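S.K.: In order, the protein sequences belong to chains A and B. For the record, in the first sequence the residue sitting at position 170 is 170 according to the working numbering, with numbers rising by one throughout. For the record, in the second sequence the residue sitting at position 113 is 113 according to the working numbering, with numbers rising by one throughout.
Errors might be hidden in some of the hints.
Listed next, the in silico DSSO-like pairs over lysine-lysine satisfying Cα-Cα at most 30 Å (straight line) [claimed, not checked]: (1) 194/B <-> 101/A; (2) 9/B <-> 98/B; (3) 9/B <-> 97/B; (4) 167/B <-> 161/A.
Read the hints as simulated data drawn from the structure, not as lab findings. Computed from a prediction, not measured in an experiment: that's the story for all the values here.
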Amino acid sequence: MRKLKAPFLKIFSYFSFILYVGVFIFFTSYLFIRSEAPFSSVSIFGESSFVKAVFYNEPVFDGLYPALCGTLLLVVISVLIAVPFGTGTGLWLSEFAKGKKLKIMALLIDVLSGMPSIVIGLFGFSFILIFHKIFPDKSPGFSIIVSAFSLSILVLPYIAKSTQTAINSLDKSLKLSGLSLGADKIENIRYILLPNAFPSILSGILLALARCAEDTAVIMLTGAVANAGIPGNIFERFEALPFFIYYTSSEYTSQNELTMAFNASVLLIFICIILFIISFGINSIASGKKKRIK
Amino acid sequence: MRFYNHLLKVTIFSGAALCAVVILLVFLIMVFLSFPFFSHEGIKIFSQSWNPSSGSYGIAPMIFGTIITAVPAVLIAFPISLGYAVFAAETGNKYLKKTAVIIIRAASSIPTVVYAFAGIFLIVPIVRKIGAGGSGYSIFSASLVLAILISPTMIFFFYDSLKSVGKPIQQGAFALGATKSEKVLFLSFPAAKKGIFAGTFLGLGRALGDTMISLMLAGNSPSIPDSAFESARTLTAHIALVMAADYDSPEFRSVFACGIILYLLTAFLSITANYLYKGKI
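Required output: the full structure, derived from the provided sequences and hints.
M.R.: Below you can see the structure in the form of C-alpha cells.
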C-alpha cells in the first residue's frame, strides 16, 4: 500500500500542474483568438479617432473608449480613497495594536476580506437609498463616486494586510534605529518605516488597483450602466469594461458586439496582468535589495 | 513638519477605527433594511417557492442553489489544488517550481467576469450536449468554472502551509530513509493539515460569494433543481437580479435577507480559517 501511494503522488502532482496550467492557457488564449485587434484604434475609438475622442471630446459609440475611461477613472478614485485608510490600518496593526485589540482587528479584517463583493455592493446601494431618504434633493444617487467608495471598502483589507506584512518584515534593527536616536513613534514611522517599506506597500496597492478594475458585482449595484458615455463629473453614472462584458454577454444582438466584448476581455486581462507584473517586479527587486543588505 | 506628523497620526487611528466601523455598519444596515421583510414574512422566507406574483417569497431555492454550486466546485478544485501545491512545493522540477508559483499568482489576477464570459462559449455548449435537452446553463457549468476560479486561493494556502513545515523534521524524515513523496504523504500532509483545512474553507467562501460566474452560467431559475444539468439561482445572483424591482416591495426586501445570509456564511468561514491558521492569512 505504502509503496503504491508514493509514486502515485508524484504522478498526480504533475498531472494537476499540467491540467491547471492547460485550463488556464485554454481559457485565456480562447479570448485572445476570438478578439480582433483589441489594441487597435478601431477597437477602442470605433469610427472616431484618438485625437477627436481625447482632445475634442467627440462621443465614441462603437468603441471601448468610454468603458476604458470609466474603469481607469473608477480605479484611480477608489484607490485614492482606500490608500490612506488602508495603510493607516496596516500601520496601526503593525505598530500600535497589541494583544486582544490586535487579534480582534485582524479577525475583522479577515472577515471583510472574505466578504462577497456583491454584499459590499449592496451596502453601497443601501447607502444611496438611506441618503436619498434623508436628503431627497442632494443625494449622490447611482454614480461613479458611490461605486468608488464601495470598491475602496472592498480593497481596504488588501491594502491594510500588505502594509502590515511590509512593516513587519522589515529588519528589527532598522525598525528600532529611529527610536534609539530619540524619534517618537510617529516620526519613526514617517522617516524610517514608511520609506523602507514603500516598495512592498506600493506593490500591494497595485494589486488593489487590479482588484478594483476587475470587480463587476459592486459596480453593477452602484452605478455602472451600458450607455453612459464618459462621466462629466463624479456624480454621474459611468461605463466600465467588466460591466460591458457582462452586459454584452446577455444582450448582444450582433457578431460585432460580441467581438467588442472579446476585445474588452483582452483589454481587461491586459490591465490586470500588467499591474500584476509591475507589482511582482517591484516586490522582487525590493526583496533582492533586502537580501543584499543582510 | 509637525502638521504632517499629526496628520499621519490621525490617519493611522482613524483608518483603524473606520475599518472596524465599516465592517459592523455593513451588517447593521442590512439587518435594518431587511427587518420589515423578516417581521412581515416570518418563517415563510424559508419556504421553497419564489413567486412574487402570487405573493410567495421563499428564498430556500437560492440558499440551496448557492450550496449546490459552491460545494461541488470545492470538491473538484480540492484534489487538483493539492496536487498543484505539492508540485510547486515539493515534487516539481527546480525551475518549474518557481514558474508554477508565478503562474498561480498571475492566474489569481485574471478577472472573474472574464472566466464566466469564456465559460459561456467553452463550457456551456459541451454541457448542453451531454446534459440531455438542457440549455447548458446549469449547476454543472457554474461549478466547473467556479473550480477554476477558486483554485489559486486554495493552492496559495496549501503551498504556504506545506512550505512552513519545519526543515529539521523534514530532514529527519529523509534520515529515516523516506523518499520525497513518502515524506510529503506521511509528514507534510499531517503537519500541514490545519492549513489545508483553512485553505479549503476560504476556497468555499470565495465560491459562495462569487456573483458573476453563477449569474452568467447557472441559468438563474428560482426553483430547486432535480439534476446537475438543471438551472439554479444562487443568493448572489438573486441579489443582482432582483435589484431592478420596486424599492418598497417585499421582493426587494428579500435581497437584504440574502445579503445577511451571505455575510454570516462567509464571516463564519473566514473566522474558522483564521482560527485554524492563526495570523497567516
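S.K.: Against each hint, give a clear statement of whether it holds in the structure.
M.R.: Cross-check of the supplied hints:
no.: 1; hint: 194/B <-> 101/A; result: holds, 24 Å
no.: 2; hint: 9/B <-> 98/B; result: violated, 40 Å
no.: 3; hint: 9/B <-> 97/B; result: violated, 43 Å
no.: 4; hint: 167/B <-> 161/A; result: holds, 27 Å
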